[in-house]
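Asks: Sequence:
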Amino acid sequence: MGPLVTAMTLLLPLGIVANGYIKHTITAITKPGASLSRRQDALPLSNVNTGTLYTIKLSIGSPPQPLTLVIDTGSSELWVNPTCSAAPAAQVQFCNSFPQYNYKASSTFNDTGTSFQLQYGKGIANVEYVTDTIVIGSATIHDQIFGYNVESSQIPLGILGLAPYLGRAYPEHDFVLDTLVSQGQINSRAFSLDLRSVDSPDGSIIFGGIDTKKYTGSLEKIPIIPAGSAPQTTDRYWIYLDSVALTSPSGSSSSLYADTPGVPVFLDSGGTLSLLPTPIYQAIGKAFIAAFPSTILDSKSGYYVVDCKIAVSAGSLDFGFGEKVIKVAYKDIIWNLGQPELGLCVVGVLPEDDEPVLGDSFLRAAYVVYDQDNDNLHLAQAANCGTNPVEIGKGPDAVPSLEGCGGEPSSTPTPTPTPVPTPTPTPTPSPAPSSTHPHPSTSSPPSTTASATETTPATSSTSPSLSPSTSPSSIPTTAPTIAPPPPPPESTDSSFEAPEPSTSESETTESVPLTTITTVSVPVPTETPDITPLTSSLLGTVIGTGTAVTSFTPSSTSKPGSVVTAGAEQAYGGIEMRYLGLGVAGVVLVLG
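Numbers -18 to -1, 1 to 574, taken from mature numbering (1 follows the signal peptide of the UniProt record, and there is no 0), label the letters of the sequence shown in order.
Where hints are given, some of them may not hold.
For each label pair, taking beta carbons as the anchor points, the in silico distance ranges come out as [to be verified]:
1) 125 x 234: 53 to 63 Å
2) 205 x 240: 17 to 27 Å
3) 242 x 71: 44 to 54 Å
4) 377 x 325: 52 to 62 Å
5) 96 x 233: 56 to 66 Å
6) 289 x 87: 46 to 56 Å
These are computed hints drawn from the structure, not numbers from a lab. Glycine included, each C-beta is placed from N, C-alpha and C at the ideal position.
Let the hints inform the model, and build the full structure from the sequences given.
Replies: Shown next as structure tokens:
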């Protein structure tokens, strides 16, 4: 246990394989300075509503070297070894706390001689493409191509991208999901993701399978919108959002949006908040104001500010996709400022008209199956009543049409919606700019599962100053765009030389019986971390997990943004609190 980051590993096997499934232990890592709280027997974590990353542990090399990577359904590439000295200033030590891959220590390493630059909204990674053996649980894939970072900026962790291939200006090679199929580990390029609700201890990712005990009702098959018809003609996990409603604590429901085929949104596990078209965003804010009169819109930042007590009350924000409605409890959609003495939170939705995103604030309430081979997503309300993994097969009906369990859904049931008038226009900032990101396609062969790790980025007591070039208005809000390769960062001859990885302690992987299936746990906190308020009238910035740091004054062109890729980007916005007699001149949020 280090002085800056506390890592607590659940006492479960690191990886298991049975009938093609792989399971992983989930590690919860807290930021320094946060008070810890327990929910029954779950391990303590800082509050997830301030920037948790969901990560997976895998190993690379011979012998295997354990690594922690962010699971990102908004990008495609696997790459390792971020440049920690160039990570966000508040997360340098957090980055250094993770072991890095040492290619010199691997007997199966090979350099392809190809370099490339991956661009993220706020951050880049210049990578050298290499190959090596990768172990996911107890499943091994050989000669996997991935990026060995030569120089990156503003990114604290490596990334395991699981999104579709963009198919343009990009070196074509098999990604991890493709290789799992081609080397016989899974039948189809498909996986299921169960992030779980804020107050639930369980979460997992299953490559090549589903778990019928992790959702309730049926899985609704929803076609992925083809790139040619999608916003910005990007090939992502786009589907149509057909309706939005708000269920109040009393059980009454107000319809906020309904249309067919609806508006395109893409599902991104690397996204902290959800970004929705301005009219829907405004309707949600108006509905919160109607249900909770103390709610206000801060026009400078675009956030709807609410009393944090609302998060523990009954009620939900409900999203409809065809016949399926996913109910997101208030506790999952309301985010705190990391200042418990204020009692102020924000609704985790911001405006975005170009590339709307449903991020973790939505995904915690949903069970999602991503089927790349058949270009479908399958959605159900998340539940938790045990474990029953089922293999995904091949062909057009590869994902089993099986009813889930009768367990409690993760959010409050929604009564029949009662339409309400369309809200009047409300001043809002300009929608955040958009960007794009990648993934390739290959044919299928047999089956595998794995589980997700939940990681909370660490923060420090100081924040980097923002120059005009890094103002909020210039920060894109979505995951990586692929740019043409820059001049090779270094020679690509046979003598591959890269920066020496950090020497953080490695972890050992233990094998387990093949017949055992273990549910993976993601413990989460229930209380806001204790933060000592600053003496200044400007309470400061809240970065990642909610640490108060030196504040900055947003420019007049500031507009909200959101992390949508693995913490690689940060959003900046000023919030003026002018109520409750708190006398707060300005509070700044940086979620990421």
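Asks: Each hint: holds or not?
Replies: For each hint, the structure was consulted:
Distance hint check for residue 125 and residue 234: the Cβ-Cβ separation is about 58 Å, which falls inside the suggested range of 53 to 63 Å. Between residue 205 and residue 240 the beta carbons are some 20 Å apart, a value that agrees with the proposed interval 17 to 27 Å. Between residue 242 and residue 71 the C-beta distance comes to about 47 Å, which sits within the given range of 44 to 54 Å. For residue 377 paired with residue 325, a C-beta distance near 53 Å keeps the hint of 52 to 62 Å intact.
Under the hint 56 to 66 Å, the C-beta atoms of residue 96 and residue 233, about 58 Å apart, fit the expected range. Look at residue 289 against residue 87: about 53 Å separates their beta carbons, and that is inside 46 to 56 Å.
Violated hints: none; the structure is consistent with every hint.
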